[in-house]
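Trainee: Given these sequences and hints, build the entire structure.
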Amino acid sequence: MYALNVFSQSIRYLKDAFLRQNNDAGFNWEEQDIRWVLTVPAIWPEEAISFMRKAAEEAGIVEQHLKICLEPEAATIFTYESNQNLFHPGCKFIVVDAGGGTVDVTGYEVLKEKGLKELFPPSGGDWGGNRVNKAFLSLLGDIFGTDILSYFRRSHASEYHELGKSIEISKGVVMASDDVTDFTLKIPSALWEIHRQHSKNRKENDKISLEKDGKTYIIKLRADKIRFSRKLAKLCFEQPISSIVKHLKSLLNSSDGQGVELIVMAGGFSNSMILLNTVKKAFPKVHVVTPHFQEGDAAWSVLRGAVNFGHGSNLIDYRRCKRTYGFEITEQYDVTKHASHRPIRVNGEDRCYEVFKKIVEKNKPLKANETRTETVGIEPDWDGNLKFFASDKKNPVFTDEESSWKIGKIHVDKPFPKSSNLEIKMFFGKGEIEFDVTNPDNGKKIRKRLVLDI
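Each residue of the sequence shown is one higher than the last, beginning at 3 in our numbering.
Hint data in this document are derived by calculation from the structure and do not stem from the laboratory. Possibly wrong hints are sitting among the right ones.
To be verified - Below, computed lysine-lysine pairings styled on DSS-like, alpha-carbon distance capped at 30 Å:
| id | residue 1 | residue 2 |
| --- | --- | --- |
| 1 | 251 | 369 |
| 2 | 360 | 389 |
| 3 | 283 | 369 |
| 4 | 359 | 395 |
| 5 | 94 | 283 |
| 6 | 188 | 222 |
| 7 | 114 | 94 |
| 8 | 214 | 136 |
| 9 | 411 | 369 |
| 10 | 94 | 389 |
| 11 | 408 | 450 |
| 12 | 360 | 446 |
Mentor: Here it is as C-alpha cells:
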C-alpha cells in the first residue's frame, strides 16, 4: 500500500503541474477534455501494469480517460509514422527501447495492410543506462573512496544529483573506436572539498594510479574535473551492453527472428554512441538506425509515440501472448491428470482443487481485441472472486506449480441466490487484458479489470 501511495502521489504531482501550467498559459481545459497516456515497460507483468493503472486512478485520473501504452510500442509508432521510407510490406524489424532502467525488445513484421504483426513476445532486462551510471559511481568510489562518496551523497544531495547529470551527459560521448582521447568528467566542488579534507597530502593538481581488471590506469585530478583513459570509461558500459547484444543475438538466431533486416534503437540510452556502434558492429548485415526527426529523437521517441497513441494511432494488429493465462477452478478428480494432488470429497464426489484452466497459451499470436469466452459454474456460497493466473509453461496443470502465479482476481457483486453459470468474455491482444462479465441473474454485462491483492 505504501508503494501505491508513492506512485499515485508522483502521478498526481505531474498531473496537477500540467493542469496548472496550461491554466497559466490561458488554456481553459476541463479535465474531462484530456486523455491521459501512461507508458510502462513491455516486460512488466500484468499485475505491475494493473498496479500503475490503479495508481493513476488514485491520483484522480478517471478510468475512461486513461490509456496504458507499452513503451516499445510507443517508440514503434513514432518511428514507423515518421520514417516510413524505412519500412515495406514483409519487412521484419526489431525495436530496442533502451531507457534508464529497463531495455525492452520487441519484433514486428509489416503486413500488406500496413499494420504490424508481433514476431515474439516482449523481452529484455534491467540493462538500461542507469547500470552505466552506477558503474561510473562505483569507479568514483574507487578514486575518492567509498566512504567519502557516501558522505557526499548524504550531506550534499543536490550536488550529488548534479554529479549524476554530469555522468549522464558525459557518457553519451564515449565512442567505441576512440581509445586515445581522455574521458573528462566534471566533479562538484563540495566533493573536492570533502576529498581534500580527508587527503591532506594530496595536491590540487595530482595523479593517482588505479588497478582495474589487471590493468593500471592513471587518473588526473584537476580543479573541477577528472580525466582518465577512455578504455577505463568503456568498462562502465561492458555489462549492460554485452547483455543487450547477447539477447539480440538469441532473438535473431531464433526461428521467429529469421529475416530481420532492421534494428531500431530507441530510448535515452540509445543516444549513447558506444551502445549504437557496438550493436552495429555486432550485426553488420542488419541496418541499425535511431528514430530520426530531429536531434535526440532516440530519447524522445517513446514520448512522441505515446502522444500519437493517445490520438488513436494503434499499428499493432497481432501480438504474441507473453504468458499462458487462465482461471483457477475445481473439477471432477481424474487420476490420469490429477495424480499429484489428493482428491477432496464434496457432496459424494471426488473433486480436484487448484486446477489451472488454460484460456490462452504462451507465444500464441493474438489479434487486437481478440476474445475468449469461458463459462464458470458458481454456487450460492461463492465469494464472488474469480482468481486469474499466469504461467511461464505452455500447458500448466495446477495453479500451485512453481511456474504459475496469481495475477489478481475478477470480483463480481453478489448475491447469487442459486447455482448458475457465469459468462466471462476476455479481450486479449492489447496492452492490457479486459473482461466482460455477464451477471447470471439479470444478464447485465459489466466491463471488469483485474483487482490486485494490495
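Trainee: It remains to establish, for every hint, whether it holds in the given structure.
Mentor: Each hint tested on the structure:
no.	hint	verdict
1	251 x 369	holds, 27 Å
2	360 x 389	holds, 12 Å
3	283 x 369	violated, 35 Å
4	359 x 395	holds, 13 Å
5	94 x 283	holds, 20 Å
6	188 x 222	holds, 12 Å
7	114 x 94	holds, 12 Å
8	214 x 136	holds, 16 Å
9	411 x 369	holds, 24 Å
10	94 x 389	violated, 38 Å
11	408 x 450	holds, 17 Å
12	360 x 446	holds, 25 Å
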